[in-house]
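Asker: Residues per chain, in single letters:
Number of protein chains: 2
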Amino acid sequence: MTDPLSTTLSALADPTRRAILARLAAGEATVNELAAPFDISLPAISRHLKVLEGAGLISRGREAQWRPCRLEAEPLKAVDTWLERYRTFWEGSFDKLEAYLNEITKGDGNGRQS
Amino acid sequence: MTDPLSTTLSALADPTRRAILARLAAGEATVNELAAPFDISLPAISRHLKVLEGAGLISRGREAQWRPCRLEAEPLKAVDTWLERYRTFWEGSFDKLEAYLNEITKGDGNGRQS
Numbered sequence: 247m248t249d250p251l252s253t254t255l256s257a258l259a260d261p262t263r264r265a266i267l268a269r270l271a272a273g274e275a276t277v278n279e280l281a282a283p284f285d286i287s288l289p290a291i292s293r294h295l296k297v298l299e300g301a302g303l304i305s306r307g308r309e310a311q312w313r314p315c316r317l318e319a320e321p322l323k324a325v326d327t328w329l330e331r332y333r334t335f336w337e338g339s340f341d342k343l344e345a346y347l348n349e350i351t352k353g354d355g356n357g358r359q360s
Numbered sequence: 247m248t249d250p251l252s253t254t255l256s257a258l259a260d261p262t263r264r265a266i267l268a269r270l271a272a273g274e275a276t277v278n279e280l281a282a283p284f285d286i287s288l289p290a291i292s293r294h295l296k297v298l299e300g301a302g303l304i305s306r307g308r309e310a311q312w313r314p315c316r317l318e319a320e321p322l323k324a325v326d327t328w329l330e331r332y333r334t335f336w337e338g339s340f341d342k343l344e345a346y347l348n349e350i351t352k353g354d355g356n357g358r359q360s
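Protein sequences, first through last, are from chains A and B.
Heads up, the numbering used here is the position in the first sequence plus 246, with the first residue counted as 1.
Heads up, the numbering used here is the position in the second sequence plus 246, with the first residue counted as 1.
Chain A extracted, bound-state conformation:
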C-alpha cells in the first residue's frame, strides 16, 4: 500500500496535472473547461482527474452532467509540512549571503567617507 504523501507526490509529478491544479486554484471548473487549454483528448484529461481525485487533490460535484472539479489543498499542506525541515538549507544560504552583504557594506562605509 502506498503512503498518502507518496501518492500525493506521484500525482503531482506530471505537468498536465499541475496545470489542472493551477486552473482550479482560480475556482471550480468542469472537465470540458479543464480540457480546453490542453492539446489532449477528453479521456486523457479524465484519467488525470482520476489520479488527482485518488490523491485527494481534487473533489468533484455530485451533479450527473455538470460535475465541477474543485481543488482540495490538504495534501499540498502535507507536502509543505514535509518540506519544513529542508527549508533551513536554502534559507540558511540566504542568511549567509545577507551576513556577507552586511559585512562588505559596513566595510564600504568605513573606507569611503564621502
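Check each hint, because a few of them may be wrong.
Treat identical chains as interchangeable: a pair holds within one or across any two.
Stated by the list, open to error - Mimicking SDA-like on lysine to any residue, the simulated pairs with C-alpha atoms at most 20 angstroms apart in a straight line are:
(1) K323 - S256
(2) K323 - S252
(3) K323 - A259
(4) K323 - R264
(5) K352 - A275
Derived from the structure by calculation, the hints contain no laboratory data.
Following the hints, put chain B in place on chain A, whose structure we already have.
Answerer: Just chain B, lined up with the frame of chain A:
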C-alpha cells in the same frame, strides 16, 4: 523529456528515498551507512540513490571506495516555490479560524461580565 520539477516530485514519491534524504539532512553518509536502517539490499539502495542523483537531490564524492552522498537542496527549493501559490489556501483557512475565534471571544467578553 521529463521536466525537472516532475523528475524531482517523482523521485520524492517513495518513502525510502525520503528517509535517505532525511538522513542526509543531518550530514554526508556512505552507501553502507544509508543502507543500515533499512531492511533492503545494497543494490536496492543503490537504485534509490541513482534516482535521487538523477533528480539532482543528492551528489556523490569522487573517491572510488568511499563515495559519500550529500543532500542537494536546490530541487526541494523549486518544490517550495511551486507550492507558494497554494499556500494561501491553508493559511487563509487559519486566518478565517482566527477571525472566528476573535469574534466569539469578543462576544464572550461582552456577554459575561464576571
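Asker: Does each hint hold? Answer for all of them.
Answerer: Comparing the hints with the structure gives:
no. : hint        : in the structure
1   : K323 - S256 : both (15 angstroms within a copy, 18 angstroms between copies)
2   : K323 - S252 : both (14 angstroms within a copy, 18 angstroms between copies)
3   : K323 - A259 : both (16 angstroms within a copy, 15 angstroms between copies)
4   : K323 - R264 : both (15 angstroms within a copy, 17 angstroms between copies)
5   : K352 - A275 : neither (54 angstroms within a copy, 38 angstroms between copies)
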